[in-house]
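Novice: Residue numbers are given in our numbering: position 169 of the sequence shown equals residue 169, and the series is strictly consecutive.
Don't read these hints as lab results, they were simulated from the structure. Hints may be right or wrong, so weigh each one.
To be verified - Here are the simulated lysine to any residue pairs, SDA-like style, with alpha carbons at most 20 Å apart:
1) K130 / M1
2) K130 / G61
3) K130 / G87
4) K44 / A11
5) K130 / S63
6) K44 / N68
Claimed, not checked - Pair ranges (Cβ atoms, derived):
7) R5 / R195: 33 to 39 Å
8) G107 / H160: 21 to 27 Å
9) A37 / G107: 28 to 34 Å
10) P142 / R66: 51 to 57 Å
11) S74 / R154: 38 to 44 Å
12) E202 / A143: 42 to 48 Å
13) T3 / A37: 22 to 28 Å
14) A183 / G89: 16 to 22 Å
15) N2 / H160: 18 to 24 Å
This structure is a prediction, so every number in the text was calculated from the model and none was measured. Beta carbons: idealized from backbone N, C-alpha and C, even for Gly.
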Amino acid sequence: MNTYRTIAESASSEIEVKRSRFLGFVVRVEDDSSARAVIIEARKRHHDARHHCSAFVLGPGGSIQRSNDDGEPSGTAGAPMLEVINGRGLSDVVAVVTRYFGGTLLGAGGLVRAYGDAVAAALDDAGVQKRELQQIVEARVPAADAGRIDNQLRAFATIHNVAFADEAVFTISIPVTDAGSFAERLAQLSAGAARIRETGTEWVDC
Numbered sequence: 001m002n003t004y005r006t007i008a009e010s011a012s013s014e015i016e017v018k019r020s021r022f023l024g025f026v027v028r029v030e031d032d033s034s035a036r037a038v039i040i041e042a043r044k045r046h047h048d049a050r051h052h053c054s055a056f057v058l059g060p061g062g063s064i065q066r067s068n069d070d071g072e073p074s075g076t077a078g079a080p081m082l083e084v085i086n087g088r089g090l091s092d093v094v095a096v097v098t099r100y101f102g103g104t105l106l107g108a109g110g111l112v113r114a115y116g117d118a119v120a121a122a123l124d125d126a127g128v129q130k131r132e133l134q135q136i137v138e139a140r141v142p143a144a145d146a147g148r149i150d151n152q153l154r155a156f157a158t159i160h161n162v163a164f165a166d167e168a169v170f171t172i173s174i175p176v177t178d179a180g181s182f183a184e185r186l187a188q189l190s191a192g193a194a195r196i197r198e199t200g201t202e203w204v205d206c
């Protein structure tokens, strides 16, 4: 997997069902500890609420998934929240829905709809951000050619740094799917003088 989708920004929602208020929050996170910190903060912020149900999905392939009903009947809160996140094809996101009980029981079906709807409404406002796996490359070219090559590279690569000594050393990132064609293009630009070394990969917003 070379791309995946997450949310563009944090967002919130509020829905009311039979006088129960459901406050939804979605936040972009990078790891388990960050997701759990968001849940803890929601509990503190709304300490007087009855339930703080949660779900999160992490990793490019959504390999880590957790949900919690926080006292609601099993399967009526965390699972439908998780289903909404997965249904949008999103990862690296935590959702928390805080419920202020309104005095009327909603039944299993009502709870499933309410918790799912609260997350869906927040995600609607959060937007979508695509992420792409990029190859980090160190490219060495003759210093005399650096200016010309710099201008050409910017059309199809991201230049992070250029250092000059006996050679010009470019630190560049490109989509991993373009690594082969990049090497060919750089060889053409430098008349075969460029030397390339792959130094790692990173996920970036694109």
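Novice: All hints, please: hold or fail.
Specialist: Taking the hints in turn, this is what the structure says about them:
For the given pair, K130 sits about 13 Å from M1 by alpha-carbon distance, which is consistent with the 20 Å threshold. Straight-line distance between C-alpha atoms of K130 and G61 comes to about 13 Å, which keeps the hinted pair within the 20 Å bound. The hinted pair formed by K130 and G87 meets the criterion: a straight-line CA distance of about 16 Å does not exceed 20 Å. A distance of roughly 18 Å separates the Cα atoms of K44 and A11; the hinted pair therefore holds under the 20 Å criterion.
Restraint check for K130 and S63: the C-alpha separation of about 17 Å stays at or below 20 Å, so the hint holds. The suggested pairing of K44 with N68 holds, with an alpha-carbon distance near 17 Å, which does not exceed 20 Å. For R5 paired with R195, a C-beta distance near 36 Å keeps the hint of 33 to 39 Å intact. At roughly 55 Å, the beta carbons of G107 and H160 sit outside the given window of 21 to 27 Å.
As the Cβ distance of A37 to G107 is approximately 33 Å, the hint placing it in 28 to 34 Å holds. With their beta carbons about 53 Å apart, P142 and R66 fall inside the hinted range of 51 to 57 Å. Distance hint check: the CB atoms of S74 and R154 are about 55 Å apart, inconsistent with the given range 38 to 44 Å. For E202 and A143, the Cβ-Cβ distance of about 27 Å falls outside the hinted range of 42 to 48 Å, so the restraint is violated.
As the Cβ distance of T3 to A37 is approximately 27 Å, the hint placing it in 22 to 28 Å holds. At about 32 Å, the CB distance of A183 to G89 disagrees with the hint of 16 to 22 Å. A C-beta distance of roughly 20 Å is found between N2 and H160, which places it inside the suggested range of 18 to 24 Å.
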